[in-house]
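With the hints as a guide, bring both chains together as one complex.
Chains as they are written, first to last, in the numbering used here: chain E, 146 to 674; chain V, 157 to 297.
Keep in mind the hints are simulated off the structure, nothing from the lab.
No experiment lies behind these values; they were computed from the predicted model shown.
There's no promise every hint is true.
[What the hints assert, rightly or not] Restricting the straight-line Cα-Cα distance to at most 20 Å, the calculated cross-link-like pairs of lysine to any residue (SDA-like) are:
{"no.": "1", "chain 1": "E", "residue 1": "Lys-204", "chain 2": "V", "residue 2": "Asp-270"}
{"no.": "2", "chain 1": "V", "residue 1": "Lys-271", "chain 2": "E", "residue 2": "Ala-202"}
{"no.": "3", "chain 1": "V", "residue 1": "Lys-213", "chain 2": "E", "residue 2": "Arg-287"}
{"no.": "4", "chain 1": "E", "residue 1": "Lys-187", "chain 2": "V", "residue 2": "Ser-278"}
{"no.": "5", "chain 1": "E", "residue 1": "Lys-205", "chain 2": "V", "residue 2": "Lys-271"}
{"no.": "6", "chain 1": "E", "residue 1": "Lys-187", "chain 2": "V", "residue 2": "Trp-216"}
{"no.": "7", "chain 1": "E", "residue 1": "Lys-201", "chain 2": "V", "residue 2": "Glu-204"}
{"no.": "8", "chain 1": "E", "residue 1": "Lys-201", "chain 2": "V", "residue 2": "Phe-201"}
{"no.": "9", "chain 1": "E", "residue 1": "Lys-187", "chain 2": "V", "residue 2": "Asp-270"}
{"no.": "10", "chain 1": "E", "residue 1": "Lys-205", "chain 2": "V", "residue 2": "Thr-260"}
{"no.": "11", "chain 1": "V", "residue 1": "Lys-271", "chain 2": "V", "residue 2": "Ala-207"}
{"no.": "12", "chain 1": "E", "residue 1": "Lys-204", "chain 2": "V", "residue 2": "Ala-228"}
{"no.": "13", "chain 1": "E", "residue 1": "Lys-205", "chain 2": "V", "residue 2": "Ser-256"}
{"no.": "14", "chain 1": "E", "residue 1": "Lys-201", "chain 2": "V", "residue 2": "Trp-216"}
{"no.": "15", "chain 1": "V", "residue 1": "Lys-242", "chain 2": "E", "residue 2": "Asp-283"}
{"no.": "16", "chain 1": "V", "residue 1": "Lys-271", "chain 2": "E", "residue 2": "Glu-197"}
{"no.": "17", "chain 1": "V", "residue 1": "Lys-242", "chain 2": "E", "residue 2": "Arg-287"}
{"no.": "18", "chain 1": "E", "residue 1": "Lys-187", "chain 2": "V", "residue 2": "Glu-264"}
{"no.": "19", "chain 1": "E", "residue 1": "Lys-204", "chain 2": "V", "residue 2": "Lys-242"}
{"no.": "20", "chain 1": "E", "residue 1": "Lys-205", "chain 2": "V", "residue 2": "Trp-261"}
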Amino acid sequence: MTLSFGRVRRWRSAELDALAHQLRAQNAVLISMQDELGGSAKPEGWSGAAAEHAAKAHKKLVDRLEHLVAGLAATQRGVEEAADAVLGLEWAVREAEGLAESGGFVINDDGELTEFVGSFDPSGELALLRSEVEARVDQILRHAEDIDHDLSAVLGKAADGRIDDQDAPTLAAAASSGAMQGGLSVLGPPKNATPETSAGWWDALSLNEKVWALENHPGWIGNRDGIPANWRHKANMSRLDDERIKLEKRCAELQADLDHNWFGGLLTNADAEIEHVEAKLRALHDLEAALHGGDRQLLLLDTSHKDVRAAVSVGRVDVAGDVAVYVPGVGAQVDLHDLHAMLKDLNDLQVQADKLNGDRGAAVVGWIGYDIPDNLVDAVIDHGDSAREGASDLVNYLRGFNTAADDDPHLTLVGHSLGSTTAGYAMHHSTGVDDLIAAGSPGLGGDVGDLKISDGHTYVLEAKGDPIADLGVFGGDPSWFGDAAQLSTDGSPVGVVSGGHSQYFDRNTTSAFNTAAIIAGQPDKAFIR
Amino acid sequence: MAGSAVPSQWRSRVICLPQTHHRRSPTLTASDRALTLSTIGRMSFTVEPDALRRAAKQVWLAAEGVASVDLAGSADLLAAALPGGKSERTTHRLADDWSSTIATWSREVREHGDKLDDCALSYMRFEQHVTDEITAAGRPR
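Next up, chain V with everything else stripped away, as it sits in the complex (with noise of 0.2 Å):
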């Protein structure tokens, strides 16, 4: 019976399978197969891994964009341009806190962008993996 294929706490709403070709050949790791086993069953997800990574993409352009910007730079010329006041003092603070700021937030947005990226794979492999399991299951031993 169809409705009998998948065991019924392994079963999502929606499985979107990827539409453009893996980067490299998923393989179930360690830690999938614990995900497998101990907390698909009490989840409901939908997923479309292609939309993750093209998330991902975004995420990474608008850390590059950001990176991009010379604050501190800026904040440099400002207290060149007005010297000897108090403004003179509080852009060089000004300056220490848009560097750090932007290379933090950066930094931060690339690492989100890769952990959508590995969310990506990981479902991959989840999704590879169970087919792999049905497949074998259908064979005659």
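Excised from the complex, chain E in its bound form (with noise of 0.2 Å):
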């Protein structure tokens, strides 16, 4: 039989806990029969065979006692960890509640999901959000299940006599032994995980069980798309001293294969591989210098393929009521020089648009997420592969952004050259974003009207002497398209002319100030051309 919706949303947290400080209770009930059991056992000046005897009857007695209270007290552990857990299930629970009635839809006691008010849903957020609910309901199931066999479980044990005393000299060691064989297991994350349910996942855990996940499985949480950025944060900063050492060992073994090898690096790839992991070591460490420039967090981190991946937010996401993220064009690396540059250019768009957004809060994400080519011949020649790639990982990124969120984020996508195409393919599935900016951009990767964004919240940046934003390679030139509105990038009271391809999000410029206008989520304020 499985947990059905209906049932568990009837799961109490506070009855679960009161149940369990009664277990506590009565344990101090039977633990506190220790002195009239021991004061018993051996009844002074009474010596021989009658004594020894009844020695052994009382111990036997004891003995089964303890047996008692170490049930009683795995129980009591686990009945109260249960109490824990149901607490993030009943957040859980409200938290996907309250998503599908924003959606016009109620959850069913089977946990199918009944839609009460019809409606129009061109952008494809409705059917976005729905997924959304049935993945959480899924999570909620998933882990109301875990808690039930785990706990069920351990009642199983008690009921058979299967938790051991461990030999307890009192009855409180034997309690104590008990308890450390009545925790529960923290779930873990699902598998083939979507940022719906890996949102799902991590909302249906309890603030206890997500700082265990924290501190013993930071893997988990880092690179995980749903996740929320606060948490995110934390993990992979924890993660950068095992991703390093585990560079350095990987290192150090193919020096070793290298100085074993008579021929060197001839007959092996391993002084081919020793320079890629060195590169990433110094990635790591820049990586790690550019996040001391004020607050930032490490939002995405990943040393598994050819080039350091991350993404590196100005500005707390996390508490932001305007989010952007940025993609940057060819050549860019997780390096000092260009992070530096880029942190340089979002720092200024994040102030511009926390001034210009009231008290909402803006953040700007860096985001390096994909092997991005190092010139445009290069993306040319492989037909956008490598964009489209990248596209597939932002579309989770982005889809992450909103689910992990309480309140959903206004949510800017801002591409410069390829990386404007890459956006543009992102683009072309659900992400959650409100508006797109594409500077310089050599295509989208098709029409605007392909894109999924309502009408009239993509931008177009596109400055004098820039031939990239000519050229038109994937899918068009987008400033020929009439449905995108063309920012301008001339000189304007609230800054000075743009040229070229990359002076778009430099200081002091009107199309820095634009981009953050749009990000602010003030489109009024923008210059448009």
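Structure, rendered in structure tokens:
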């Protein structure tokens, strides 16, 4: 028999918590019998065969009570941990029900959704929301099954007398031994996870379980789309050292391999791999240095590919009302030079957006989350495959923002150069992005009308003297699409002109101001060409 | 001679006299007499009957204390708090186990206490019997 959503939503942490207290008090009564039983074990002055028989009989009785106390302590701990875990479930149930209601759905007792308001859904937002609610219901049930399975195992062991008191010398010691055997496991993340299932998994964990996961399995969290930014940041920061140690170890292995090879690197790829590993170590070093520059969060850290992938935010994503994700163009890497240049621009955009949006708060994330070609020629030669591949990761990354946040932030996607092509490909899917800005774009991978974004929310920046922006090699020149608003790159009362391919986000340019205005959800303040 | 006042096979290292009043005047039963004649001679033992009776009381208290704990009731509450799952069913099994364990244990512990108390009484009867015998042996016929 599997659990139904209707049953699980009747589970109450407070009842379990009260029961855990009751069991603890009851065990305290049993443990307090230690004085009576200890005092009567060997009556003073009594020796002989009868005394020995009596002592044996007494010990057997005490052993049985110790066994009961151990079983009760295990049960008490199991119930206590179940109470904590169910607290997370209760929150997740409320969250799922609220989310469903916001989309005009109701969750039935069998976990299915019923639509009570018919809706028009041109951008696919409602379909996305529906799939998110369904994913959350699945994860709630998965977590409930896990709690039930673990607790049932503890209860079963207690009922069968399989909680071992480990020959404890006292009833209190028996309780301690028993309690050690009553813990519940923390549920790991779902397999083949999507941002929605990950968010559902995470939301159903209690705070204690989340802290445990962070401390013991930061790898579950750091790169998982759908997890709130503050947790991802903490997990990735704690992973930095581990990643470095792993790479250093690999480097040493490769060096040892080379040292033992008479032909050096001639007959092995070890020397080439050492170069790659050393480059990754340098990238980690540079990344760490870049994180020290103010209110920054490390929202992606992946050393498992050819180049290190990372995402760094300027401003706190988890509390910002306006969030932008910036996708850089060709040649961008996790190194000191690129990080410094990118974060300087993003810092300016964040400060400007923060000024414009009142007290909503703004954060801008630089996403170097795929193998970016070294130059545009390579990108053209591979027919945009690298951009398309990057887009599939970007889609999950973007969807993760909305699913992770308690309040859906206003989300802007900013792509520069080939980054705008990657962004364009991503926007062929439902992402939760509210506004798209393509700067110096060689194409969005198709017509603006094909993008899953509401009408009037696509913007293009094309500066004078930017040849890349006129190429149109990836689905046409975006500036020719009537559906996209042309943001000014000229001089204006708010900024100077930007020219060429690389000045769009320079401080005090009109184009940077316009970008910040869109990020801040203030399009009326932007200068349209 | 003082050394020959008690036959050597009856001599215990210490036999303490009761320090409190008896519940009833000890009289020697047939089984006590059998114990006296067939077993005691091969044993060495010491006893303080009052300590035995105190131990019995402590054991009875433990039995009473444990019997007062309604673990089965708690298990039923647990089943109600987590409806629909395996835990609910396992909890019913646990409730039965706890219920019978506590009942059995408390009964057996009470019985153990009873035995200790009976032992104290037997020792006292035996002591009284021996005292009576010895006293009678010293009287002129």
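For the pair we were handed, Lys-271 of chain V and Glu-197 of chain E, check the Cα-Cα distance against 20 Å.
-> 14 Å, holds
Is it true that the CA of Lys-271 of chain V sits at most 20 Å from the CA of Ala-202 of chain E?
-> Holds, at about 11 Å.
Holds or violated: are the alpha carbons of Lys-205 of chain E and Trp-261 of chain V at most 20 Å from each other?
-> Given pair Lys-205 of chain E, Trp-261 of chain V holds - Cα atoms ~10 Å apart, limit 20 Å.
Does the structure keep Lys-242 of chain V and Asp-283 of chain E at a Cα separation of 20 Å or less?
-> 18 Å, holds
Going straight from one Cα to the other, do Lys-204 of chain E and Lys-242 of chain V come out at no more than 20 Å?
-> Given pair Lys-204 of chain E, Lys-242 of chain V is violated - Cα atoms ~35 Å apart, limit 20 Å.
Is it true that the CA of Lys-187 of chain E sits at most 20 Å from the CA of Asp-270 of chain V?
-> At roughly 15 Å apart (the allowed maximum being 20 Å), Asp-270 of chain V and Lys-187 of chain E satisfy the hint.
Compare the distance between the alpha carbons of Lys-187 of chain E and Glu-264 of chain V with 20 Å, and conclude whether the hinted pair is satisfied.
-> Since the Cα atoms of Lys-187 of chain E and Glu-264 of chain V sit roughly 18 Å apart, the hinted pair holds (cutoff 20 Å).
Can the restraint linking Lys-201 of chain E and Phe-201 of chain V be considered satisfied, given a maximum Cα separation of 20 Å?
-> With a Cα-Cα distance of about 17 Å, the restraint between Lys-201 of chain E and Phe-201 of chain V holds, given a limit of 20 Å.
With a cut-off of 20 Å on the C-alpha distance, tell me whether Lys-201 of chain E and Glu-204 of chain V pass.
-> 19 Å, holds
Quickly compare the C-alpha distance for Lys-205 of chain E and Lys-271 of chain V to 20 Å and report which way the hint goes.
-> 15 Å, holds
Pairwise hint evaluation, Thr-260 of chain V against Lys-205 of chain E, where the allowed Cα distance is 20 Å at most | Given pair Lys-205 of chain E, Thr-260 of chain V holds - Cα atoms ~13 Å apart, limit 20 Å.
Distance restraint between Lys-205 of chain E and Ser-256 of chain V, which requires alpha-carbon spacing of 20 Å or less = 17 Å, holds
In summary, the structure is inconsistent with hints 3, 12 and 19 from the numbered list given earlier, while agreeing with the others.
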